[in-house]
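Peer 1: Construct all of the structure, not just a fragment, from the sequences and the given hints.
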Amino acid sequence: MMASPAAAIAGVHEFPRRTAGGLSPLQIKAECAARALEDAGLAWRDVDAVYDASEAGRMQGLTIAEYFGISPRVIDTTAVGGSSYEFQAAHASRDIAAGKANVALLTYGSTAHSQARAIGTGGRAAADPQPADNMERPYGLTLVGNYAMVARRHMAEYGTTPEQLAEIAVTTRRHAMRNPQAVAGLADIGFRDVREITVDDVLGSRLIADPLHLLECCIVSDGGGAVVIVSSAVAAGIPKRPAWILGTGEAVGYPAGGADLTTTAAARSGREAFGQAGVRPDEIDVAMIYDSFTITVLAILEDLGFAKKGEGGPFAAGGCLAFDRPGGPALNTDGGGLSSNHPGMRGIFLLIEATRQLRGESTAQVPGACLAVAHGNGGLLATRHAAGTIVLGRE
Amino acid sequence: MPERAAPPERPLPVFPEPDTEPFWTATADHRLTYQVCAHCGQTVFHPRRHCTGCTRGELEWRDSAGRGTVYTFTVIRQHGQPFFRARVPYVVGMIDLDEGFRMLAEIGADPDAVHVNQRVAVGWEDHAGLSVPVFRPDLAE
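Chains as they are written, first to last, in the working numbering: chain A, -2 to 392; chain B, 28 to 168.
The hints are simulated quantities; they were obtained by calculation from the structure and are not laboratory data. The model shown is predicted, which means the values in this text are computed figures rather than measured ones. Certain hints may be false.
[Stated by the list, open to error] Lysine to any residue pairs mimicking SDA-like chemistry, simulated, CA-CA at most 25 Å apart:
| no. | chain 1 | residue 1 | chain 2 | residue 2 |
| --- | --- | --- | --- | --- |
| 1 | A | K306 | B | N144 |
| 2 | A | K306 | B | L39 |
| 3 | A | K306 | B | Q105 |
| 4 | A | K97 | A | G58 |
| 5 | A | K305 | B | N144 |
| 6 | A | K306 | A | A256 |
| 7 | A | K237 | A | A256 |
| 8 | A | K306 | B | V143 |
| 9 | A | K306 | B | Q145 |
Peer 2: Here you go:
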């Protein structure tokens, strides 16, 4: 086991609705920050490190401290898509271990649903000329299609089936139906029939980009959240049980030189994080894995070591990912991006739900959950993506 | 009669962009090009100025024969951009060219007729000043 951890998640808050009701992303960030600080028994004046992905405005490292009204000693603007918050949590734990900060604040706010942003199938706006864009724009690949190419290769190489992938969406919806905020949110963003779903429901929904069906794609919601990470000295005085950061890992992946697309950067970030934590995947109670699509979860479960490469299909289809079933970690117990909350960059919710589980506050609680992993995936799985792994523990 | 609107056009690369401009200039002559380092032999794609294999790199442009294998693909059935919205369903895939580089491209074939490991050959869709590579099942093999 590692030396005693330097930093812990002390406060969390998830914006409770999936429609912003006229609030701006910045207002959502500030509301969530205030609630998360209260959750940690802290106040704005205690914050001495701020982390921001500039999702609510350009170059927010320059403006977010002023907006919140804080005077941080550390300003970190790591922006790697949906995994930004796992990277930021890694950096916060290092900044705290180095003595540069005691109370770190991570926030997120988005009104993707209200703005009707077609995240997965939208036409990319022509921006400044970029090399990668110039080599991809003419071919009409969508974000969904990008992930679908990984699923296609996984199927061809390992015999993974559509039914096995669909099981991930089925389990996640089951967890969502236990989460009142997810249930209300699905109705608010336009789901007409909010209920548990079956494999047949998933495979009967329309194909968006073969082999991915509609119900294998994350929802597009509004939302936001905040996470407060503190030093062990601060953690000693907080009202709730701290979620200790035991290990962190960061990596990026891109398919140069004929790389194997079915193995994501999670293979490297996970090895780093589990190694630092001194924890094995089979010891993990709760796996919060970025579920932009079913294939994202399947590939990352393998890459983190929960199943061997190529065996994620049978592993996922065996039912062990449900919160009340043995044999594997409980997956995305809040209902995930597939069925609870995905405003574009879901990474912060992985940390929030993992913390709830370690406190015993989840709506799909794993009894006595001691160890959780939060794995964020950002960008585009087939062309370029970022992977951030955080291993969290109760003690 | 109201004048019929021009059909939407395929989005094209944006210039000036010095890394990728030589690749697209060559497409006007129906040449599919890639780079090899004269110093270390590294094959480089996407195009760029520096070698990713060594720090002394000198990249040379070479012409590909345009034949390769489908590494993976998807069938796009929903797209928000007008040209592609009118084109669905269509196939986009990653092609492993025989010279040892992998590129994204459209595969101009019936979606039901495309499969992983299929042999394909490059074809061209001409535009002003450049051509867009569109791969097709390689009937010569």
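Peer 1: For K305 of chain A and N144 of chain B, compute the direct alpha-carbon distance and say whether it is at most 25 Å.
Peer 2: holds, 24 Å
Peer 1: Please verify whether K306 of chain A and Q145 of chain B have alpha carbons no more than 25 Å apart.
Peer 2: Distance of about 24 Å is within 25 Å: holds.
Peer 1: Is the straight-line distance between the alpha-carbon of K306 of chain A and that of V143 of chain B 25 Å or less?
Peer 2: Since the Cα atoms of K306 of chain A and V143 of chain B sit roughly 19 Å apart, the hinted pair holds (cutoff 25 Å).
Peer 1: Check whether the Cα positions of K97 of chain A and G58 of chain A lie no farther apart than 25 Å.
Peer 2: holds, 17 Å
Peer 1: If you draw a straight line from the CA of K306 of chain A to the CA of N144 of chain B, is it 25 Å or shorter?
Peer 2: Holds, at about 20 Å.
Peer 1: For the pair supplied as a hint, K306 of chain A and Q105 of chain B, confirm whether the alpha-carbon distance does not exceed 25 Å.
Peer 2: The given pair, whose Cα atoms are some 30 Å apart, is violated under the 25 Å limit.
Peer 1: Tell me if the straight-line CA distance from K306 of chain A to A256 of chain A falls inside 25 Å.
Peer 2: Status holds; Cα separation ~15 Å.
Peer 1: Verify the proposed pairing of K237 of chain A with A256 of chain A, using a straight-line Cα cut of 25 Å.
Peer 2: violated, 45 Å
Peer 1: Are K306 of chain A and L39 of chain B close enough, with their CA atoms no more than 25 Å apart?
Peer 2: violated, 37 Å
The structure shown violates the earlier hints numbered 2, 3, 7.
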